[in-house]
Amino acid sequence: MFYFIIDALGIIAFSISGVLVAIQKKMDLFGVFIIAFVTALGGGTLRDLLIGNTPVGWLKDPVYLSIILGTVVFAILFRTRLKYIKKSLFLFDTIGIGFYTMIGIERGLDTGFSSIMCIGLGTITACFGGVTRDILCNEIPVIFRKEIYATACILGGIVYFLLREFSINDAYSYMASIFVVVGIRFLAVWFKIALPNIYKTT
Amino acid sequence: MFYFIIDALGIIAFSISGVLVAIQKKMDLFGVFIIAFVTALGGGTLRDLLIGNTPVGWLKDPVYLSIILGTVVFAILFRTRLKYIKKSLFLFDTIGIGFYTMIGIERGLDTGFSSIMCIGLGTITACFGGVTRDILCNEIPVIFRKEIYATACILGGIVYFLLREFSINDAYSYMASIFVVVGIRFLAVWFKIALPNIYKTT
Amino acid sequence: MFYFIIDALGIIAFSISGVLVAIQKKMDLFGVFIIAFVTALGGGTLRDLLIGNTPVGWLKDPVYLSIILGTVVFAILFRTRLKYIKKSLFLFDTIGIGFYTMIGIERGLDTGFSSIMCIGLGTITACFGGVTRDILCNEIPVIFRKEIYATACILGGIVYFLLREFSINDAYSYMASIFVVVGIRFLAVWFKIALPNIYKTT
Numbered sequence: 001m002f003y004f005i006i007d008a009l010g011i012i013a014f015s016i017s018g019v020l021v022a023i024q025k026k027m028d029l030f031g032v033f034i035i036a037f038v039t040a041l042g043g044g045t046l047r048d049l050l051i052g053n054t055p056v057g058w059l060k061d062p063v064y065l066s067i068i069l070g071t072v073v074f075a076i077l078f079r080t081r082l083k084y085i086k087k088s089l090f091l092f093d094t095i096g097i098g099f100y101t102m103i104g105i106e107r108g109l110d111t112g113f114s115s116i117m118c119i120g121l122g123t124i125t126a127c128f129g130g131v132t133r134d135i136l137c138n139e140i141p142v143i144f145r146k147e148i149y150a151t152a153c154i155l156g157g158i159v160y161f162l163l164r165e166f167s168i169n170d171a172y173s174y175m176a177s178i179f180v181v182v183g184i185r186f187l188a189v190w191f192k193i194a195l196p197n198i199y200k201t202t
Numbered sequence: 001m002f003y004f005i006i007d008a009l010g011i012i013a014f015s016i017s018g019v020l021v022a023i024q025k026k027m028d029l030f031g032v033f034i035i036a037f038v039t040a041l042g043g044g045t046l047r048d049l050l051i052g053n054t055p056v057g058w059l060k061d062p063v064y065l066s067i068i069l070g071t072v073v074f075a076i077l078f079r080t081r082l083k084y085i086k087k088s089l090f091l092f093d094t095i096g097i098g099f100y101t102m103i104g105i106e107r108g109l110d111t112g113f114s115s116i117m118c119i120g121l122g123t124i125t126a127c128f129g130g131v132t133r134d135i136l137c138n139e140i141p142v143i144f145r146k147e148i149y150a151t152a153c154i155l156g157g158i159v160y161f162l163l164r165e166f167s168i169n170d171a172y173s174y175m176a177s178i179f180v181v182v183g184i185r186f187l188a189v190w191f192k193i194a195l196p197n198i199y200k201t202t
Numbered sequence: 001m002f003y004f005i006i007d008a009l010g011i012i013a014f015s016i017s018g019v020l021v022a023i024q025k026k027m028d029l030f031g032v033f034i035i036a037f038v039t040a041l042g043g044g045t046l047r048d049l050l051i052g053n054t055p056v057g058w059l060k061d062p063v064y065l066s067i068i069l070g071t072v073v074f075a076i077l078f079r080t081r082l083k084y085i086k087k088s089l090f091l092f093d094t095i096g097i098g099f100y101t102m103i104g105i106e107r108g109l110d111t112g113f114s115s116i117m118c119i120g121l122g123t124i125t126a127c128f129g130g131v132t133r134d135i136l137c138n139e140i141p142v143i144f145r146k147e148i149y150a151t152a153c154i155l156g157g158i159v160y161f162l163l164r165e166f167s168i169n170d171a172y173s174y175m176a177s178i179f180v181v182v183g184i185r186f187l188a189v190w191f192k193i194a195l196p197n198i199y200k201t202t
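Protein chains in written order, with our numbering: chain A, 1 to 202; chain B, 1 to 202; chain C, 1 to 202.
Derived from the structure by calculation, the hints contain no laboratory data.
In this text the structure is predicted, and so the values were computed from the model without any measurement.
Mixed in with the good hints, there may be bad ones.
Pairs count within a copy or across copies, as identical chains cannot be separated in the list.
[Stated by the list, open to error] For lysine-lysine, the following DSSO-like pairs were computed, each having C-alpha atoms within a straight-line distance of at most 27 Å:
#: 1; residue 1: Lys87; residue 2: Lys192
#: 2; residue 1: Lys146; residue 2: Lys26
#: 3; residue 1: Lys26; residue 2: Lys192
#: 4; residue 1: Lys25; residue 2: Lys146
Just chain A, same shape as in the assembly (with noise of 0.2 Å):
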């Protein structure tokens, strides 16, 4: 139940922030609908076909759907609000791609992937659903350009799996990885840090 309402949360908010993207392009409902969707979902749909654990997981559970339904009627019946609720939104994100991560870890453990390649599926869960939006919405991709963000959940997954290096209680490190993720984009976004610049020189 813990864990249903932290997912749900989670589409809730990769759907509201689809939702803020389309409306700004402009998009009809059918529009809006989709980008929400693809920015929820996109993610594990990438990470399901690349493992090929199909039929992707929301075919089979209609739960997600619904979720996805209600935000967006939500999310365009108070759009002119959203703009007071953007922390929480911020809040339910970073949350969002700390559990988003763990769970692309899990489906790359389940498989016997090697520890380096669940990072990577957990990362392609946390971030591809906004890069699909990105590409839908016809513009570069955020998370390519300026913000500490795939960065986080990788290093969440190296905490990950260091902790199991040390053989500590897989619901412990599970957790830890979460804050991690959690942690360092919050301090991010603070302190506004981004990656290295390389264009100095250039």
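Following the hints, complete the assembly by docking chains B and C onto the known chain A.
Positioned in the frame of chain A, the structure of chains B and C alone reads:
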């Protein structure tokens, strides 16, 4: 045979729509062919990937490739006259999405998905060829912005499952749903109906 | 061993081409890495997804990831000098598409597809990494617009199946086809040959 002809007409219409967009973007011959191909088969390909129904259909049956190749050659040779058949094209395209919607729904039923997911798969089959076309041409997908297109597919799918509920003969429900898709799209274009505008107050 | 070296050279050349495009788009370190990755492995990934050959290869063997990581680090460190090796890059890239084409054809033959579909899979393997790179960078794919690139792959594939038809030793056919791909691309670039222009009359 009847189904095959309709299916082929849909592929031809979608291919020509791809050729028209690719020519507008000044693509070369290879680019024009690829855009025609993804417009015609992109939706079904995404559906099959999501379901896990691989290898995807067009790899197994070269007839699809042949139809598209022939259409592209024809469309390029007569490219200056394509505007005269624009109305026939719209007809084919609209009949095409009607059939594609039902093909997608059938594939979903075969795999045992819920009716909502089947409608989703039908809509993906009918619409995502055009979405992939627009992405490859560096445009925001047109169906996210202004046309009643996906909405027609969704409503047609709902009608199909309602008719099934009343245990009406499946072939009748099938044809009726196609008429609903085609009819809604015709009416929408005729009366210039779009989805409700959500941008008045923003 | 010989194959591995050529394969690695192809991956390196494709990765560097990805790094160059990503730097031009002012992406950050993570973005540069992802663009290098999809340029090198995007074509093979799409091929494996379409065939249903999952999990995709690079999830199972970390050597691909290692080569790309090493190349990206190298390319970023020496980014100001990359222009001096542009000719070597073109060489690697061209040899790369030759081998990628044949790898794709082989995978198609293993799965029992017709020769036309095998050529299609070879072309996808060689070309769609670059297509994905361009889409993620918000450009219309360059191979749809002006370069003899896919055409070289297609012709190389046709030569391969013609030679097989005459029951020529498979290893010879294999190498001959790679030479055809490489040769056509070299000649096309040397003599500035493009596909016939279809825009004179429009």
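Here is what the structure says about each hint:
1. Lys87 with Lys192: The answer is within: 16 Å in one copy meets 27 Å, while 40 Å across copies does not.
2. Lys146 with Lys26: both (24 Å within a copy, 9 Å between copies)
3. Lys26 with Lys192: between (30 Å within a copy, 18 Å between copies)
4. Lys25 with Lys146: Answer is both; intra-copy 20 Å and inter-copy 12 Å each pass.
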